[in-house]
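Here is what each chain is made of, one letter per residue.
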Amino acid sequence: MTHKTQREAYPYFVMAVLLFGLQLVFGFLTIAKYIWPDPLIGILPFNTTRAIHMNLLVFWLLFGFMGGTYYMIPEESGAELYSPLLARIQFWLLAGGGVAAIVGYVLGYSWGMPFLEQPTPIKVLIVVAALIFLYNAFMTVMKTKRWTAIQGVLIGGMVFLAVMFLFGIVFMRNLATQYYLWWWVIHLWVEGAWELITGAIMAFILLKLTGVDRALVEKWLYVEIALVLFTGIIGTGHHYYWIGTPSYWLWWGGIFSALEPLPILFMVIDTMRNVRERKVEIKNRMALRWTVGCAWFHFVGAGVWGFAHTLPQINQWTHGTQITASHGHMAFFGAYAMVNLTMIYFAVPKLKGFADYDQRRGERAFWMMVSGMFMMGLSLSVAGIVQTYLNRVLGMDFLLTQDYMRLWFMVTMASAGLFAYGALTFIYDFFFMKPVEA
Amino acid sequence: MTQTAARNMFVVGTIIFGLIFLYMTYDSLRQMPKRTHEEALTDEVVEGKALWQKHNCNDCHTILGIGGYYAPDITKVSTYRNDDWLKRFLKDPQGTWPAKRVMPNLHLSDRDVSALVAFMKWVSNIDTNGWPPKPMNAAAATTPGEGPADKAAEGRALVGRLGCQGCHKINGAGGDAGPDLTHVGSRLPDIAWHISHLKDPGKLRPGSAMPPFSNLPESELDEVAEYLVTLK
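Just so you know, the protein sequences line up as chains A and B, in that order. Position one of the first sequence corresponds to residue 1 (our numbering), numbered consecutively onward. Position one of the second sequence corresponds to residue 1 (our numbering), numbered consecutively onward.
Possibly wrong hints are sitting among the right ones.
Said to hold, decoys possible - Restraint ranges, calculated between C-beta atoms of paired labels, are given here:
1. B:His107 to A:Lys4: 19 to 29 Å
2. A:Met142 to B:Thr2: 18 to 28 Å
3. B:Glu44 to A:Lys145: 53 to 63 Å
To be verified - Covered stretches of chain A, as calculated for chain B (at least 3 residues, CB under 8 Å):
4. 209-219
5. 322-336
What the hints assert, rightly or not - If you only want the chain B side, here are some residues facing chain A, beta carbon under 10 Å, derived:
6. Asp127
7. Gly202
8. Pro206
Everything labelled a hint here was simulated from the structure, so no lab data went into it. Note that the coordinates shown come from a computational prediction; the quantities given were computed from them, not determined experimentally. Virtual Cβ for every residue (Gly too), placed ideally from N, Cα, C.
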């Protein structure tokens, strides 16, 4: 930590961690409905718990990204944050919007497109908060005009994120067109904007942690995000196979999205090389653990599991089954939850003023979360394979198929138990980590 | 490669791929009105779409394969459920299909129900490049013969599509609301009886809760009956 105003990041991390905990509660409510009859159907039916589960995910990741940005920008620019007050106002606007959205879902207000269920006034509030955030970050950089590649990519990714959100606000008469633009938000977030943000955060942390040459880190950052966007932009086409779009997307989407794992593999290689060639001793082992873990799980969850069902010949059978849910869980966790956890373990000891801290509890949390999530991914995959075979290949009725998947939903829930135990250990560690005297 | 070269590659490449993507978007949006039959996109269909969103249907059901994975995909529902069934179901989901996994009753007005059915009908005509593909056993039986075994095979597929096992068990799989059909062919071996029972269950079994399937074509009723009598 080099600047006082980096502290503005802390409330963002606190909120991220709390929402993450709440997300797990709604995850359990949601999986339980797959296994047992639903006693809560009158109060919290499946669509409500799912909407809340996914909205909490998006909100906590955004809080994490914004906290990470407020932590990084002063250090990269060599200047205090432009306005700590704006950072606080923006925090409460976003938190207020999130709470209003979730209470609204329970009361039955929804805009009705997955992930983007927020009613329009709340979406406007989110846009206002995002504009304040971008203004604050931009003005900080403009104090010294030190546009490093890392903060250029970071702010570029944030602007990209905000602009894409606008395509998820308008109601279209035609469902196919609505979904065409919906994917501009969802796909171009996770396989575009968020990848830029992740690349920048990872580059920043690797730079600080390993002491390798900045020019080298920034060069590979450009190469990685170039490959991400070259494959990812037209890779949006893997969502345009079956929604009323022209058939040439089967070719374009198939070929470009099949190449999407390449930049992620690149990140793994780059990360491992930087760690191997480190110039300083890495004291914060948890930050390193999450960095390396994130690179690998990002590759497995987003890269391998995404590739497994991205070709149209396979996707025609698996589209809309639990295979997608499996990929979604592992990709969001491996890429975006883990990059935030990396940032948190990197920044929070410094924000608390600890030169070194007791890392044993964090270590346990890491392994429980990573193995719990991997088991969830595997069991949802098996459920998805059963579903694909019985429902799609043999033509068995949808609900009948669900009976045969029940066992695997139970395994998912048990794995989620392990994950949640790890997550609670992490949350406890976040609030109560102890310094170690050097 | 220098850092500047890497940056230039990133900037120029992103612009090129972005422009290609924008051109493809322009072309797609030009073709989609025809592929989705926008000429049939009436105000009632749009009202149905708004209701679909208002009730957050998409976080349980999938449509065009996107959504909640918890409840059936409704993209092509109008091709295997007629309006009458859909309307009865939307008015009273649990009474119409007493499955273990339940859809809440949304207490929809008649106007809402009609709008939702109009929306589903419009969606089912979207050209989805052949998705979802025909199940392999159904695809193998595209040229059915006329023998009882061929008819029974078709009937078996129909029983799967119509969701009979929402209420009835067959070989251990299915619901408990209606009688177990695993050995129905031993108890009731008469094809004609099954056809007239399917058309109007209450006439042969007074007080029966089973809905009539009188709007299925005779050939399909025959196929279902042929299948039922093979269950011995």
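Hint-by-hint comparison with the structure:
Remark: the range hint 19 to 29 Å for His107 (chain B) to Lys4 (chain A) is contradicted by a beta-carbon distance near 57 Å. For Met142 (chain A) paired with Thr2 (chain B), a C-beta distance near 26 Å keeps the hint of 18 to 28 Å intact. One distance hint, 53 to 63 Å for the beta-carbon pair Glu44 (chain B) and Lys145 (chain A), holds here, with the actual separation near 57 Å. Check result for the stretch 209-219 of chain A against chain B: holds, 3 residues qualifying (beta carbon to beta carbon below 8 Å, three or more required).
Under the rule that three or more residues need a Cβ within less than 8 Å of chain B, the assignment of the stretch 322-336 of chain A holds, with 3 such residues. Here the hint on Asp127 (chain B) is kept, as its CB sits about 6 Å from the closest CB of chain A, short of 10 Å. The beta carbon of Gly202 (chain B) is not positioned within 10 Å of any beta carbon in chain A (closest approach about 24 Å), and the interface hint is therefore violated. Hint status for Pro206 (chain B): violated, given a least beta-carbon distance of 29 Å to chain A, over 10 Å.
Of the numbered hints stated above, those contradicted by the structure are hints 1, 7 and 8, listed in ascending order.
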